[in-house]
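**Q** Sequence:
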Amino acid sequence: MALNMPSEVTTTQGRSVDLPYTAKYTDGSYYGKPIADFQTNAHDVKGTVFAASENTFYIVDFSYDGEGPDAYFWAGTTEKPSPLGFIVPDEFGTKQVLGKYMNQNIAITLPDGKKISDIKWLSVWCRKFAVNFGFIMIPDNFEPPMPADLGSLSSLAHGVKSGSFIVKDTKTIQIKNLHYDGAGPDAFFLVGTGDAPNPDGTKVPDENGSLQKLHGYQGEDIELRLPGDLTVFDIEWFSLYCISYKHNFGDIKIPKFLNVPADMMTLKEEITKDMKFDNCEEMFPGVLHVSWKILGQDLILQMAGQADDNEYISFGRSGNDNRAVMIGADVAVAYLDSDTKQARVVDYYLSAKSQCSQGSGACPDTKLRGEDNTELLSWEKSDGIFTVTYKRPLGSGDSQDLSIPVSIPVSVVAAIGPLNSQKEVAFHTHYYTKDAKKIHFGRSPPQDRCSPLSATTTMKPKSWPPMSIVDATTFHAQIGPTGGDKGYTAITGSQSWGIAWWMNGMLIPEITVRRGVNYTFIVEGGNNPSNPASYHPLYITNSAEGGGGQFLDQLGLP
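Under UniProt numbering, the first residue of the sequence shown carries the number 1, and numbering increases by one thereafter.
Some clues are possibly wrong.
[Said to hold, decoys possible] Restraint-style ranges between C-beta atoms, simulated for each label pair:
no.	residue 1	residue 2	range
1	I408	K256	13 to 21 Å
2	K353	K203	32 to 40 Å
3	G219	P83	47 to 55 Å
4	P83	P452	44 to 52 Å
5	S407	H215	47 to 55 Å
[Claimed, not checked] Derived DSS-like pairs (lysine-lysine); straight-line CA-CA distance at most 30 Å:
no.	residue 1	residue 2
6	K434	K423
7	K100	K168
8	K115	K168
These are computed hints drawn from the structure, not numbers from a lab. Even for Gly, the Cβ is constructed at its ideal location relative to N, Cα and C.
Work out the full structure, taking the sequences as your base and the hints as a guide.
**A** Encoded structure:
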């Protein structure tokens, strides 16, 4: 997170710092707009406080001895810290009595929609004895970082135009009502430095994390994330740009010294990367572990498992209280996005044993009119082990979520498998929970039942030789198994959902047909469209992957 910033932050006890908005801390990281150092009154309270956003404080090197009997982060609107304040939840969103901190970096967010500009002070306060252990004062007329609306993209070619172009934070850009005809042969979102867009810029992944050439847009609102360590402070322009023809379709200038929020995703990773877990269970011994801790109304989980770059690991509550059942399960799916080189955790509901299509199958909650109630906290990939830390509420956030009781054991499921081309789960050919397994998330005392994971290397199995049909005029099409690691995936290079077409008793054979000859297809793929898990129409396509049920708007097009 090292940045080229204009000046370093120096603070004095209890007073604000008058510096350019884009100031860096002494380690080169951007934490937001500096406010002050804590003024220490008792219990060794200290730390440097930044406004990371309009409602979030980021405190660097925070220390407190944890000896206060009833101490909280406390804020208010009186002229100085007093009992007339309110609790600010801790870095995990809980309102528990503060424990010990030793030079830790933490982010705390004001509750109930309150903003930093609404308060006058932040304190470490003991409610029982009404004692102020340490505090900062918020300067009058303080302007915390906020998203910056820079206007709209210029309209130069290929129908490019937009609504508001918003810098949401140092890494995130939102473009509203984007239009582009999609006809550019080598067009990308590009950012860079200099007076004007040029082909030496850096490609920005699209809203789906892809670095393929851009498709068309017809008024969509999209959100983009700058790649790698790049931030808005490192760029001077953003463009929709055709690299091979050096043609700028539309652009916008990025001003210096923007007073925008810090990248909370990166800050949260810094906060949680050293988190310790006392509870751990082996879902697949030596392959996938799940650790957890309960903080207030949230469950903090960590999955650690052996997964290749195009594979996912998943864990959640079973669809049955007594057995390992995938249908009806509420799971978190984690994977490393090969385009953005960033981890993702997605909230899934499994309604059927099929890929997500038309609101049925293994679907992200957001495709079922639900919400994604998981939040990525941190991740790492080392020696073949993918580790991801995330949180979810103990309660249910929507109709696709199952609550996690802490007083009784609950049945859980897990799986490891490949991703399809849409970066959604494909059939778990590798590992999945077969036998009933229950976890008591609220158990006391905690228990770590996991052995260390070891990195492994896997060799791709040789595929079965492809089969072909040349002279037949009648084809009997049936749904059957994919043939495991040596079958469909090894032959085609694409992932499957555990089912494939068998033609005349052969697994996905190559069929030769001739113009002017009549052919008969006898298809056994189901006849009930209302049951997508058992309904598999046969169609002819030039797509090597298939899965037309996910692209109904494209079926029938030339």
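**Q** Could you work out which earlier hints the structure fails to respect and list their numbers in ascending sequence?
**A** 1, 7
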